[in-house]
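Number of protein chains: 8
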Amino acid sequence: MNENQTKPLVGIVMGSASDAPTMHKAAQVLEEFGIGYEMKVCSAHRTPQRAHEFGAGAQERGLKVIIAAAGMAAHLAGVMASLTTIPILGVPMDGKVMGGLDALLSTVQMPKGIPVATFAVGNHGAVNAALFAVSILASSDPQLAQKLVDYRKAQTAMIDENPPAA
Amino acid sequence: MNENQTKPLVGIVMGSASDAPTMHKAAQVLEEFGIGYEMKVCSAHRTPQRAHEFGAGAQERGLKVIIAAAGMAAHLAGVMASLTTIPILGVPMDGKVMGGLDALLSTVQMPKGIPVATFAVGNHGAVNAALFAVSILASSDPQLAQKLVDYRKAQTAMIDENPPAA
Amino acid sequence: MNENQTKPLVGIVMGSASDAPTMHKAAQVLEEFGIGYEMKVCSAHRTPQRAHEFGAGAQERGLKVIIAAAGMAAHLAGVMASLTTIPILGVPMDGKVMGGLDALLSTVQMPKGIPVATFAVGNHGAVNAALFAVSILASSDPQLAQKLVDYRKAQTAMIDENPPAA
Amino acid sequence: MNENQTKPLVGIVMGSASDAPTMHKAAQVLEEFGIGYEMKVCSAHRTPQRAHEFGAGAQERGLKVIIAAAGMAAHLAGVMASLTTIPILGVPMDGKVMGGLDALLSTVQMPKGIPVATFAVGNHGAVNAALFAVSILASSDPQLAQKLVDYRKAQTAMIDENPPAA
Amino acid sequence: MNENQTKPLVGIVMGSASDAPTMHKAAQVLEEFGIGYEMKVCSAHRTPQRAHEFGAGAQERGLKVIIAAAGMAAHLAGVMASLTTIPILGVPMDGKVMGGLDALLSTVQMPKGIPVATFAVGNHGAVNAALFAVSILASSDPQLAQKLVDYRKAQTAMIDENPPAA
Amino acid sequence: MNENQTKPLVGIVMGSASDAPTMHKAAQVLEEFGIGYEMKVCSAHRTPQRAHEFGAGAQERGLKVIIAAAGMAAHLAGVMASLTTIPILGVPMDGKVMGGLDALLSTVQMPKGIPVATFAVGNHGAVNAALFAVSILASSDPQLAQKLVDYRKAQTAMIDENPPAA
Amino acid sequence: MNENQTKPLVGIVMGSASDAPTMHKAAQVLEEFGIGYEMKVCSAHRTPQRAHEFGAGAQERGLKVIIAAAGMAAHLAGVMASLTTIPILGVPMDGKVMGGLDALLSTVQMPKGIPVATFAVGNHGAVNAALFAVSILASSDPQLAQKLVDYRKAQTAMIDENPPAA
Amino acid sequence: MNENQTKPLVGIVMGSASDAPTMHKAAQVLEEFGIGYEMKVCSAHRTPQRAHEFGAGAQERGLKVIIAAAGMAAHLAGVMASLTTIPILGVPMDGKVMGGLDALLSTVQMPKGIPVATFAVGNHGAVNAALFAVSILASSDPQLAQKLVDYRKAQTAMIDENPPAA
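Protein chains in written order, with this note's numbering: chain E, 1 to 166; chain Z, 1 to 166; chain P, 1 to 166; chain X, 1 to 166; chain W, 1 to 166; chain Y, 1 to 166; chain C, 1 to 166; chain L, 1 to 166.
Next comes chain E alone, as it looks inside the complex (with noise of 0.2 Å):
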């Protein structure tokens, strides 16, 4: 199951099922804060009806911010957030050309009125993603703002500042 137990808070999206190794990245950071999600295959172009259900329905259905991944012309956080006003946050797969290049122009360069928040391409954006969710819901969830300082704290204090010997 892709869900955990609790009401989920959190939708990701990704437009292959090839993207999933990467969005389990984002998936587990939400489990270790405890929130919940819900986690599709929705492809904007394969499956449009299934996007726009997703995204029309996302704030009726609870959701407060939705992850969107995928790559190429990676369409799927501007049709998310095309359909509704809670945060998109859009997460640019690894390609070939460039070097996923072109997944990352099409998340981020949108036009004047409809913004998607882009993170770095792969796994640091995934996690990234996460982490930001974390931190919108933590803008009005003091216990949750007080969880990712101390995450912080935690990640900050793994660091050892001794490099592994060559």
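Relax, there's no trap hidden among the hints.
Label-pair ranges, simulated between beta-carbon atoms:
(1) Z:140 to P:57: 18 to 24 Å
(2) P:21 to C:94: 42 to 48 Å
(3) Y:21 to P:57: 55 to 61 Å
Among chain Z residues calculated to face chain W with C-beta under 8 Å, some are:
(4) 94
(5) 99
(6) 100
(7) 120
(8) 122
(9) 159
(10) 161
(11) 163
(12) 166
Once the Cα atoms are required to be at most 20 Å apart in a straight line, the calculated SDA-like pairs of lysine to any residue come out as:
(13) Y:153 to C:53
(14) P:64 to Z:145
(15) W:64 to L:144
(16) C:64 to C:148
(17) X:64 to X:31
(18) E:112 to X:20
(19) L:112 to W:161
Honestly, the hints are just simulated from the structure, not real lab data.
Because the structure is a prediction, the values reported are computed rather than measured.
For glycine and all other residues, C-beta sits at the position ideal for the given N, C-alpha and C.
Given chain E, put chains Z, P, X, W, Y, C and L in place with the hints provided.
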């Protein structure tokens, strides 16, 4: 009025009114061939419902081809392609980041299953998309096919082999 | 044998034998739709006469569409487009410099007057060019048009909304 | 005065005074929504202490979101993100090298653990970052959420479907 | 008249009349060396037959070198190279997408077996292609070789070591 | 232990432990010259305080040069440069997007007033940054300057003019 | 006159007289610090002997640092670095292809063994190379080191935290 | 031994021994045509004197053409071109940053006055540079010109029009 008298066979959609000067060049080509067209501003992101209606109803309205022009994270052609199986022609608009490369990659790098035929960035692409639309219509209209051959010959004949003097 | 039994309506040309694995994916799509095709290795640069004969005689041989695949300074689609007025579909092949961007730009940036419809770099583009060829043929063949709608629906249905487990 | 009367919830920082014309567009959006903001020039490199104070004290000053704009090796958003856990929105400024691609990559390619939500290069990104800030605040403010929905509707309604005449 | 009196040894072809201002700079270099040339507008795509005749008959007409200039999907040099074994020099023209990178890659990335010697984008490349043509002719013409050495010395001597005052 | 016995004159910082294999190559060069160094993992984003302490205290600790290596949105060198006036040498790490171009642009495109001396992406850059650090120290140490001349001579002598057989 | 009265410690070379407006900005920084410099036009390609003499004799003439500026295939800094072991600072000039990326890559991507410290494209890089030259000289000149600290402080103080009004 | 028996007419230089596998492909082409060549490792940066001697003495040693191969900030071809007026052919080597684009731009973007004829990145370019050298020598050697025509014909004949089976 943006439409000519004959029944529209080609739909021209553009993501922003600022794309009109470029897309009028496409319209002019269609007029030279006496092909009816309709022309609309229709943003994938800011008017998603209008885009949906345009694309989903295209075939029923009698359109045989859609030319979709957009800049930046150019999703309009992709959205059209997701909604209908008639041929979609994409024209990337000029932009600041890498001279329109954002729009080019966002238009051409479509995933397997949902094709968008992409043309050059800007004016060249607009004219060529229109000529390509003519070639599609010509594939079942011998008279139009002949017109296209004549147009090509005239175009060739017009190119003076002597360069202008220094 | 590279051709199927029915009369070829689509010509598939590729600049090098090494492009065959990619272009067989295009051929397979045409076979699924029962569309006859011919398939040739034909380099714009190393076999210019063969390219010329292929392109100049295409229409007379009954071809309705040509799919041309090439890498690097990918001129094959442009050469075809200069020799005939039937629709030319270009598929840029993967390459080392910028991940195929050389082939993409060489294919898509055609000057005003001679259109090449360009698709994504590599396998995605090969499949999509074939589907696009089907859509052109379908524009005057209602039965084929219905097949294409059915193919699209089946494609949509095959996409499981549940991502594979982590 | 750069701040409006209401208590600032959004901080706008920019790396250089020359970024002000772009960032005033972000400020204007916040004013339309009646959201208090503070706006400062604050270079990651030339005024690191000011940047540190701005970022480290942001949450305590009551800021809920920071919008950070910078060009070239655009580090300002990253610096903010390293100093606080509230959401940081990055706006890359136009530049000469590859049309702002330097600032885009410097802003978006953040390593795992420290997210920066990145928007389009230049004016489009500035407006969208502000709208995204509104969407974050709206996630715990139903009245603001409604305003955002209304703004979106008005924006959609304003887009005339008829392109300007040639 | 575009040709000078002496028997043409160098052919200058350009894809469009708009390339003439750039290519006149190449012609001027040849004139300085007293080398006969012919100069034609001859598009690979819009006048393929003219291009074919120019290239296929070049050697017979007495041409020793061809300089081919084109922009965008710059195929002209490649077409020439496919039709003759005399040296082909390619000059990519400026363009919007990535500042002429499209023409550069379309000219230089020739496949194994059909070489095109490529020079810098725009004016620098035009002058250098002409100088390179001179160096080819000079390889069997000691007098011309001496002229080239003198030209180089004069060029070196003309570069004042003192920069212009601020 | 990452430091050698002599008093550290050069600080090597890297954004992630995964950069260590590359930066050990820099350390090895310093050891060949008998130059003391200290080497730390110190992320601009995940350990900003550690980065601040390293940079702000560098001069006082006796460091004469800092070599800072980072990937992606590589801010570490810029952060160091903002905190001290001793020379900062930046080494961009390899990455997926455009082969490290993200790190290169993030390191080199520093705004007026805060210089970072940037070297090639990856191993070449690491070795060269170390050699450059030696050249800085050598500018007031004639013995070291002589060692550097000898090193260069030995390097030259080691390059066999005969290529390895096919 | 391009040199000031004091003994030159810094050499400024540029590949073309057209680079002078940019490099005068570097000279001005050195003048503010009272550092003697010499300034020459000296092309790696068109005046190779002058370049050789400049580089090979630099150390003997008392130069401690060389700043080398060039555009396009910017080899001047690399040539200097091949001829001397004193620190070489490279400044890539603006260009058309990808906004100076050609010069940036030609300057920074030096092979292992011959370092060139590279700065931002154009004016920013010119000023920063000069400041970096000061930092090198300051590493054995406490008075100059103090001046540099003061300069930095003044620079910081000059940045008004209030952006200019809209 | 890297040289064949006949008097060398072509010089092949490469910046690093690691370029040898690629440049042996060029040598092999020359051998097929019975053209004498010499082949040396000769770095513009690490063995500048050897490079100088190679280039400055080339014409006197009887060389008619030089093929220069290098990677990264590929200056070797430019250095050769600055030292002699015989034709210089540049071959950019593969690299990590943008797939050899650094070497391509460093080789091709030569300033007005000092031409380098540039070929494709890597193996294709190496073979083509050799074929181009043959075409230069053939321009005053009818027998060699005929051999080149035959080689081209054989190459064309070898390309099977049937693609390999799937």
